[in-house]
Amino acid sequence: MIRYILQRLALIVPTFIGITIVAFGLVRLLGSDPVALLAGERVMSPERHAELSRQFGFDRPIWEQYFDFVLSALQGDFGVSIRTKTAVLEQFLTLFPATVELALFAMLLAIAIGIPAGIFAAIKRGSWFDQITMGSALVGYSMPIFWWGLLLIIVFSGMLGWTPVSGRIGLQFFFRPITGFMTIDSLLYGNWTAFISALRHLILPSIVLGTIPLAIIARQTRSAMLEVLGEDYVRTARSKGLSPGRVIGLHAFRNALIPVITTIGLQVGMLMAGAILTETIFSWPGIGKWMIEAIGRRDYATVQGGLLIIALVVMIVNLFVDVLYALVNPRIRVQ
Amino acid sequence: MKLMKTLMTATALVAVMAGSAYAKTLVYCSEASPEGFDPSPYTSGTTFDAASRTVYNRLVEFAHGETTLVPGLAESWEVSEDALEYTFKLRPGVKFQTTDFFTPTRDLNADDVVFSFERQWKSDSPWYAYQEGISWEYFNGMSFPDLLKEVVKVDDMTVKFVLNRPDAAFLADLGMDFASIVSKEYADSLEAAGNMAQMNQKPLGTGPYQFVDYQQDAVIRYAAHPDYWGGKQAIDDLIFAITTDAAVLAQKLKAGECHIMPYPNPADIADLQADSNLKVEEKEGLNIGYLAYNTQMAPFDKVEVRKALNMAINKEAILDAVYQGAGAAATNPIPPTMWSYNTAIQDDPYDPEAAKKMLADAGVENLSMKVWAMPVSRPYNPNAQRMAELLQADLAAVGVAAEIVTMEWAEYLDQSKAVDRDGAVLLGWTGDNGDPDNFLGVLLGCDAVGGNNRAQWCNDEFEKLIQDARLTADPAERTKLYEEAQVIFKDQAPWATIAHSKVFMPMSTKVSGFVMDPLGYHRFDDVDIAE
Numbered sequence: 000m001i002r003y004i005l006q007r008l009a010l011i012v013p014t015f016i017g018i019t020i021v022a023f024g025l026v027r028l029l030g031s032d033p034v035a036l037l038a039g040e041r042v043m044s045p046e047r048h049a050e051l052s053r054q055f056g057f058d059r060p061i062w063e064q065y066f067d068f069v070l071s072a073l074q075g076d077f078g079v080s081i082r083t084k085t086a087v088l089e090q091f092l093t094l095f096p097a098t099v100e101l102a103l104f105a106m107l108l109a110i111a112i113g114i115p116a117g118i119f120a121a122i123k124r125g126s127w128f129d130q131i132t133m134g135s136a137l138v139g140y141s142m143p144i145f146w147w148g149l150l151l152i153i154v155f156s157g158m159l160g161w162t163p164v165s166g167r168i169g170l171q172f173f174f175r176p177i178t179g180f181m182t183i184d185s186l187l188y189g190n191w192t193a194f195i196s197a198l199r200h201l202i203l204p205s206i207v208l209g210t211i212p213l214a215i216i217a218r219q220t221r222s223a224m225l226e227v228l229g230e231d232y233v234r235t236a237r238s239k240g241l242s243p244g245r246v247i248g249l250h251a252f253r254n255a256l257i258p259v260i261t262t263i264g265l266q267v268g269m270l271m272a273g274a275i276l277t278e279t280i281f282s283w284p285g286i287g288k289w290m291i292e293a294i295g296r297r298d299y300a301t302v303q304g305g306l307l308i309i310a311l312v313v314m315i316v317n318l319f320v321d322v323l324y325a326l327v328n329p330r331i332r333v334q
Numbered sequence: 000m001k002l003m004k005t006l007m008t009a010t011a012l013v014a015v016m017a018g019s020a021y022a023k024t025l026v027y028c029s030e031a032s033p034e035g036f037d038p039s040p041y042t043s044g045t046t047f048d049a050a051s052r053t054v055y056n057r058l059v060e061f062a063h064g065e066t067t068l069v070p071g072l073a074e075s076w077e078v079s080e081d082a083l084e085y086t087f088k089l090r091p092g093v094k095f096q097t098t099d100f101f102t103p104t105r106d107l108n109a110d111d112v113v114f115s116f117e118r119q120w121k122s123d124s125p126w127y128a129y130q131e132g133i134s135w136e137y138f139n140g141m142s143f144p145d146l147l148k149e150v151v152k153v154d155d156m157t158v159k160f161v162l163n164r165p166d167a168a169f170l171a172d173l174g175m176d177f178a179s180i181v182s183k184e185y186a187d188s189l190e191a192a193g194n195m196a197q198m199n200q201k202p203l204g205t206g207p208y209q210f211v212d213y214q215q216d217a218v219i220r221y222a223a224h225p226d227y228w229g230g231k232q233a234i235d236d237l238i239f240a241i242t243t244d245a246a247v248l249a250q251k252l253k254a255g256e257c258h259i260m261p262y263p264n265p266a267d268i269a270d271l272q273a274d275s276n277l278k279v280e281e282k283e284g285l286n287i288g289y290l291a292y293n294t295q296m297a298p299f300d301k302v303e304v305r306k307a308l309n310m311a312i313n314k315e316a317i318l319d320a321v322y323q324g325a326g327a328a329a330t331n332p333i334p335p336t337m338w339s340y341n342t343a344i345q346d347d348p349y350d351p352e353a354a355k356k357m358l359a360d361a362g363v364e365n366l367s368m369k370v371w372a373m374p375v376s377r378p379y380n381p382n383a384q385r386m387a388e389l390l391q392a393d394l395a396a397v398g399v400a401a402e403i404v405t406m407e408w409a410e411y412l413d414q415s416k417a418v419d420r421d422g423a424v425l426l427g428w429t430g431d432n433g434d435p436d437n438f439l440g441v442l443l444g445c446d447a448v449g450g451n452n453r454a455q456w457c458n459d460e461f462e463k464l465i466q467d468a469r470l471t472a473d474p475a476e477r478t479k480l481y482e483e484a485q486v487i488f489k490d491q492a493p494w495a496t497i498a499h500s501k502v503f504m505p506m507s508t509k510v511s512g513f514v515m516d517p518l519g520y521h522r523f524d525d526v527d528i529a530e
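Chains as they are written, first to last, in numbering that gives the first Met the number 0: chain A, 0 to 334; chain B, 0 to 530.
Keep in mind that the hints were calculated from the coordinates and are not lab data.
For glycine and all other residues, C-beta sits at the position ideal for the given N, C-alpha and C.
Possibly wrong hints are sitting among the right ones.
Short derived list, chain B residues pointing at chain A, Cβ under 8 angstroms [as the list claims (entries may be wrong)]: (1) Glu-34; (2) Ile-133; (3) Asp-212; (4) Ala-217; (5) Ala-246; (6) Trp-408; (7) Trp-428; (8) Asn-451.
All chains, please: the whole structure from these sequences, using the hints.
Given below as C-alpha cells:
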C-alpha cells in the first residue's frame, strides 16, 4: 500500500511541471502586452511603460520569468495580483471555502439522487422509470450551465419568489467568518435564521452545479449495476434464496460502487470547471468567479498563480480518491 | 481562545446589527469588486464608487449630476495672475471618520492635503511603494509629476499648489478620485504599526459614509458618517452587493434584493421599465465613439473627402444595430452633458448622393480604404465589428471599397497610433474629469499626434484655441474658446463622430435623490429611501 502511494506521489512531479507550463503559457497567449492593456485608450509614455514592465517583471527573458514563477510557487509564493496588489494565495484561501461549500452541497445532491436513481434504473431496466431517468440524465449532461442557471433564477426567484436570486446569505446577516463556510459559521454563532438563509441561498447554485455530476453518476451507477447484476455470484446469491434487498444492497451494490467512486473522484475537476459558470451566475464569491474575472481583466499574476493552486488541489483530491479506491479494491494495489 | 474571542466579537456585532434592524438601509447591486480601497492608485469606476466617492472627499467636488466644480474640503481658492499658483483655504472643522479600527484625534488640516499628493509623487515617501506593484496611474496619467512644482503648507488651513506651466484643467483634475484627501494621522499610525497595507483594505476619510466591512467579491458595508461636514446622510447603512452578471442584477432588483443597479443589458431595459415597482433613469454618458481618418495620408488629407465620407454614414442604423437604442448620435467631439458643448453646430447630413458627388468633385475615384475595428466591447462602442460592417456597407453605397481590419487589443491600441497608419480607426474615449480639454486637447491637440490623436490631425487655428483655453482660468472665457474650437472641428472633420452611449440606471421607486452622474460615478450622498 505504501509503495502504491509513493508511486502515485512520484507521478505528481511531472504533472506539476506540466501544469506550471500550461498556467504560465496560457496567460501569455491572452494578449501581447499586459502593460499596454492596463493603460487602455490612455496612451502611456514609453518611460512609464518600461517602468511598469520592469515592476511586473515582463522585461526579463521568458524562461527567467518561468523559473522565477516555479521557484516562488515551490516556496508557497504564488505571486501578487496586478489588479488588487494582494497575494494570490491569500485571495485563494479567502474564497476557497465558498467554492468548497457549494461543491460539497452539489456533490451531496448528485450522490443522494444519482446513486439511488441509477440503482433503480438498473433493477427496472427498460421500464418507464429507467427511460425517463436516463433521458433526463442525458438532458442534464448536455445542459448549458449558464442558460440553466438563469432559467432557474427567473422561475424560482423571479416568478415564484421561493429562493433568493444570488449571494451566499441574506444581507441582514453579518458576521466575521470563522471557517468560511456560511452554514457552519451561522451555526457556530448560534443563529438559526442565518443558517436557514445560507441553506436557501445554496439551493439553486447546488442544483445547477450538481446537474452534470448527477447525470454522470446516475448513468455510471446504472451501467455498473447492470454489469454486476449479470455476474455469477449475484445469480448464486439469488438462488441461495436471499432477499432481493440483500442481493442488491450487499452483493451487487458494493461491487458496483468501485467504478462509481472513481467517477465521483473525477467529478472534482468537473466541479471546478462548473464552478466558474455557476459562481458567475449566482454571484457566489468563490474561486471560479475569481478566475473568470482575473482572465477578463488580464490579471496575469492571478490567473497563473490561481490556476496552479487549483490544479494542485485537484491533484491532491485525485490522489486521495486513488488511495481510497485502492482501499476498496485490493486488486489495484497489487497491479 | 482566538475562536472564543472571534465568537464574542461576532455575537456583539450580530447584536448591534439586530438592534439596528429599523435603520434605513440602501442596497446597491454593484457590478464588480473594487480593486482596493485606496482611492489613488486605481483607474476603474467600480473602485471609485466603492472608495473615493463614498469614503473620501477632495478639495473641490463635482456638483451633483454635473461636470462643474463646487467647493469640497477647500472652502475657497485663489488663482494667481500667471495661473501658476492655486491657493486653497481649507474648510474648518472637518472630521475624519471614527471607526472600530481608528480614532482620529484631530480635524482635517494642510498636512493631510500635502501628504495626499506627496505620497503619489515623491519616491522617497515611505508610501510611494507601500504595497508590491502599487503605482499611481492617474497621478501620472494626468501628468502631475511634470505639472506640479510644489505643494506647500502655508499655514494649518491653507495649501498652495505651484505649477510648472499653466493648466486650466488643473482644478478639475483636483476633483478626480486620485486627488482624494487621506488622513495623514491614520497613515502615520499604520506606518508605525508596520501595517501599511491596511490603507488599501480599511479606508478612512472625511466622506459621507464610513467603511464597516468588506467580504471579498461579495458584500461591502458602510455606515453613515455621523459627523460628516455636509450633514449626516439619511441612509444609515449602505450596502454594495457585488453581482457581476447583468441579467442576474436585473432579477435581483426585480425581486427586491437590491434597490438600485448599474449597467443593465439593453435587452432588459423594456422589461425593467414595465415593472411598476421600478423606475429607469437615463443619461448620456461622458464618452464618444468615433472613426478617426488619418488626415496625413492621401486622399484623407482633403477636407472634402472626409466630409463626403461622413455624409455617407447612416448613424441611425448604427444606433439601432450596435447600441440597440442605448446611444445618441454624436455631432461634436464632446458629449452634450459637458459644459461648453456647442449646441449651434449641425451634424453632417446623411446624404449618399451628395457624398458621391463630393468625392467625384474632389477627383477621388474607385477609392479603397481600410476600416479598423476594435476587438473588444467598450462603453462608447459595444460592438465595433458590427459597426465596421455597417460602415462598410454605407461606404460601398458611395462607391468606396472598405476592408475591415482588426487585431488583438494591445496591438490595436499601439499600431493605431502610428502617423503613417493605413486606414480609418474606430475608437473612443471616456472622460476623466469633465473638462473639455480632457477631450479636445487630449484627443485632438498637436502634441498628441502619434499618440492619442488617432486622426494625426494638427490644425493651427484649433490648436491656438485649445492652448489659449489652457492659459485662462475664467470658465466663461474658456467656454467661448471651446465653442469656437468645436466649429473648426466640425468644419475640418478629422473624425466621423458616431455616438455617445446612453447610460441607464434602474432603481426601486422607493429611492429618491439619486442623480445620474455625467462622469459615470454612482454617488449615494443625498440619496434617501422610503420605508
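So, going through the hints one by one against the coordinates:
no., hint, in the structure
1, Glu-34, "holds, 5 angstroms"
2, Ile-133, "holds, 5 angstroms"
3, Asp-212, "holds, 7 angstroms"
4, Ala-217, "holds, 4 angstroms"
5, Ala-246, "holds, 6 angstroms"
6, Trp-408, "holds, 6 angstroms"
7, Trp-428, "holds, 6 angstroms"
8, Asn-451, "holds, 5 angstroms"
Comparing the model with each earlier hint shows no violations; every hint is respected.
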